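Enquirer: Use the sequences and the hints to build the structure in full.
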Amino acid sequence: MTAAPPRTADGRTLRVETQTGLPGLGGLYARGAAASGRIAAGRALPSLPVIGTGRPASDDDGEAQAALVLPDVAYRVSGVRTAGLERHLHDYQRLLHEPVGSTMPAGYLHVLAFPLATAVMVRGDFPLPLLGMVHLRNVVEVRGPVTVGDVLDVRAWAENLTAHRRGVQVDLVAEIRFDGADPSEPPVWRGVSTYLAKGYELPDAEADGQRGRTSRPEVAPAGYDPATHGTTSAASVASASDGWTPPLPTGRWALGPGTGRAYGAVSGDRNPIHLSALSAKAFGFPRAIAHGMYTAARALADVGHRRADAYRWTVDFAKPVLLPGTVDVAITPRSDDDGNPAPDLTGTAAGFDYVGWSSRKGVRHFSGEVTPL
Amino acid sequence: MASRQSRAAATNGPRDAVVVGGNRIPFSRAGKKYADASNQEMFTAALEGLVARYGLQGERLGEVVGGAVLKHSRDFNLVRESVLGSSLSPATPAYDLQQACATGLEATIGVANKIRLGQIESGVAGGTDTVSDAPIAVGEGLRRALLDAQHAKTWQARAKALAQIRPGDLKPLTPATDEPRTGLSMGEHQAITTARWGITREAQDEIALASHQHLAAAWESGFFDDLVTPFRGLTRDDNMRPDTSAEKLAGLKPVFGRSLETPATMTAGNSTPLTDGASTVLLGSREWAESHDLPVLARVVDAETAAVDFVHGHEGLLMAPVHAVPRLLARNGLTLDDFDFYEIHEAFASTVLTTLAAWEDVDYGKNELGLSGAFGSVDRAKVNVNGSSLAAGHPFAATGGRIVATAAKLVAEKAAETGRPARALVSVCAAGGLGATAVLESV
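Keeping their order, the protein sequence lines are chains X and V. Here full-length UniProt numbering is used: position 314 in the first sequence is 314, and no number is missing along the way. Here full-length UniProt numbering is used: position 441 in the second sequence is 441, and no number is missing along the way.
In short, the hints are calculated from the structure, not lab data. Accuracy of the hints is not assured; some may be wrong.
Listed below are the simulated DSSO-like cross-link pairs for lysine-lysine, each with C-alpha atoms no more than 30 Å apart in a straight line [unchecked claim]: (1) V:33 / V:253; (2) V:71 / V:32; (3) V:366 / V:382; (4) V:253 / X:361; (5) X:198 / X:319; (6) V:171 / X:281.
Anything over 10 Å on all C-beta distances counts as not near chain V; from chain X, calculated [said to hold, decoys possible]: (7) 12; (8) 78; (9) 144; (10) 182; (11) 184; (12) 185; (13) 202; (14) 270; (15) 310; (16) 330; (17) 333.
Derived list of chain V stretches under chain X, where covered just means 3 residues or more per stretch with a C-beta under 8 Å from a C-beta of chain X [unchecked claim]: (18) 185 to 196; (19) 309 to 316.
Here the structure is a predicted model, which means the values were calculated and not measured. Just so you know, even glycine gets a beta-carbon here, dropped at the ideal spot from N, CA and C.
Expert: Printed below as a string of structure tokens:
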């Protein structure tokens with residue numbers, strides 16, 4: 001099967017470069033190399049970059065700006081076997097409070113696919129540095145169940161390099177299809193991760209051009225404004241006392257000091273800001289911070305089985321969660337179109353909104369939605 | 001009193017199951033008098049006191065049913081082991097049951113149902129719990145490593161399994177009262193329900209004060225003389241504060257709901273303390289009680305359990321009895337007005353108040369209970385007249401037995417005094433959004 005070259009949301013046609021296997025944990029587990037031990041496998045990660053090889057921030061504005069061009073390439077790995085992933089999946093499910101079974105939650109597919117996007121980010125011609133980039137938001141669409149044993153086709157690329165109040169933001173797109181699926185059909189899983197590189201600037205013309213494009217439905221829902229979003233981004237140091245009043249919580253997460261290490265071991269994302277207070281301090285955080293995708297995946301798990309098989313799952317990250325820490329969460333079922341309250345006990349309802357915050361500091365950590373597709 | 005429809009229905013249905021009596025040990029605050037007493041020791045003591053009171057030595061009862069919420073894995077046959085340690089006939093079967101704080105009432109329902117069906121003639125229901133002697137488990141990492149090592153077939157595989165152990169895995173896990181699905185403690189859940197219903201601090205303290213005063217008066221009047229056997233030097237519930245006052249309760253700092261936007265109202269005074277204790281109730285058919293020359297206090301009319309969708313906050317964690325009671329009463333042709341006594345377990349003072357408020361709310365009655373309006377009002381003077389868990393304490397599984405014995409004796413005394421039948425409603429909320437309710441009636 002030959003996949004059609006992907007066209008990006010910003011109108012570029014990409015050259016597809018086929019890779020031999022998924023980098024990171026996914027590949028390791030898929031090859032069965034680590035079938036014997038969940039912890040040992042997490043330790044053996046060879047290829048997940050922790051030190052960015054991209055271009056460092058430059059004071060020389062003119063040259064740096066001229067070079068901000070995304071590589072016209074999509075990475076693709078086909079024939080990704082998942083038959084050996086059961087135990088790894090179960091470890092993930094237990095850590096994230098998902099029911100243990102053979103269906104892969106959306107966050108698990110992110111863990112599998114995202115290293116391919118990371119591989120795009122560590123290319124020599126990727127214009128921004130991996131390390132120090134801030135995860136702003138994530139939008140995932142799942143169109144059906146993916147279960148252990150499925151053979152997958154994964155593609156990843158970067159698109160939508162746009163100006164942000166505090167720098168430049170970029171979308172990393174990953175798509176998963178069943179092997180042999182029609183590439184013109186929507187993927188069974190699609191994730192768009194939006195990152196911010198602080199201190200970079202786009203030339204005005206280019207920035208305007210990017211802003212002028214309208215075809216970003218997956219990334220920019222109605223009401224989303226990167227400018228205001230920046231005020232509550234993880235990068236922000238401004239006070240978040242924006243008049244927001246926390247709702248009544250429906251849950252509380254007591255996150256221990258090892259939360260980042262545990263998710264790092266399962267996800268392969270061993271960014272030092274998540275692993276220990278010491279390593280986090282080196283990057284300007286007072287303590288280790290929880291992985292954003294850990295918090296989003298916990299919220300997804302909290303929604304539970306009522307999210308059904310096909311759903312859209314978004315998260316906007318605000319203040320990072322320092323570890324150890326306590327996060328209050330509210331998972332709120334939506335009313336249906338007629339304004340009736342969401343059905344209790346059964347039914348997928350019209351979706352769920354969620355928010356996580358610190359009751360002690362009165363600041364939001366993240367918010368998002370889980371809505372049926 | 002209202003119609004006797006339930007009695008008429010019962011004559012056409014299964015035979016009656018009656019409450020003969022009850023026995024418990026005094027309840028003690030955690031870490032005090034019973035600090036080194038195990039669940040089995042406490043349940044055996046309560047059971048043995050019951051055997052002594054009703055002359056059941058060597059008797060083969062139909063069944064003994066009970067349980068504990070916090071339970072060691074070695075106590076897989078807790079109740080059967082207690083039976084073997086008692087002077088009941090060793091031919092008395094037993095089984096363990098657990099439904100969080102509703103364990104004791106659910107055990108009563110189970111035993112009563114078997115009696116009504118004619119499967120057994122007699123039985124004991126009860127429960128026991130200790131926070132002082134709670135099980136402590138090893139961390140998940142250590143547990144999995146040890147299990148892997150145990151399943152390993154070669155020494156290499158065993159060594160590899162044990163090599164998984166990390167220093168952090170050695171930290172023991174103590175039992176938590178947090179709801180597993182939400183991570184909120186029961187107190188925090190109830191604080192949310194309290195805030196939703198706008199229950200005031202004053203109203204809660206009033207309930208707490210009444211609980212202590214009522215329990216103390218009941219002890220003074222000798223009400224518990226044939227319901228309690230001393231244990232480990234304790235003769236009365238040691239959480240009881242006969243001398244507490246509205247001022248003292250008002251001076252306590254809130255402990256739950258402090259992170260909510262509304263003022264926190266729940267204190268250690270209007271919340272139940274962690275407690276150790278055990279309780280039992282003796283049930284039988286009328287024929288069995290008569291043939292053994294035993295008294296009959298009340299019959300178990302009917303029971304209903306319920307559960308609510310609390311995980312995303314649709315309903316309060318402890319509100320299940322609010323849903324169970326309307327169904328229970330409708331099935332028996334009764335209304336809220338048809339009772340002489342309401343025994344509403346005081347998990348927190350505000351649990352009683354949110355229960356009563358929900359029953360009085362028109363919209364709630366329509367939207368949540370599926371009724372045509374409000375379910376009804378309760379005469380506060382008939383609620384927990386001899387005190388409840390705020391004063392007595394709440395050893396989780398033991399509370400149901402305490403309440404059933406108290407309610408049975410109350411209706412028996414009331415009927416003897418007035419010459420008319422008396423009826424009690426029993427309501428116990430439980431973790432997991434569960435609730436159990438029952439109707440007892442004098443005979």
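Enquirer: Are the hints correct? Go through all of them and say.
Expert: Here is what the structure says about each hint:
no.	hint	in the structure
1	V:33 / V:253	26 Å, holds
2	V:71 / V:32	19 Å, holds
3	V:366 / V:382	26 Å, holds
4	V:253 / X:361	21 Å, holds
5	X:198 / X:319	16 Å, holds
6	V:171 / X:281	26 Å, holds
7	12	42 Å, holds
8	78	34 Å, holds
9	144	24 Å, holds
10	182	37 Å, holds
11	184	38 Å, holds
12	185	33 Å, holds
13	202	42 Å, holds
14	270	16 Å, holds
15	310	20 Å, holds
16	330	7 Å, violated
17	333	6 Å, violated
18	185 to 196	holds (count 4)
19	309 to 316	holds (count 6)
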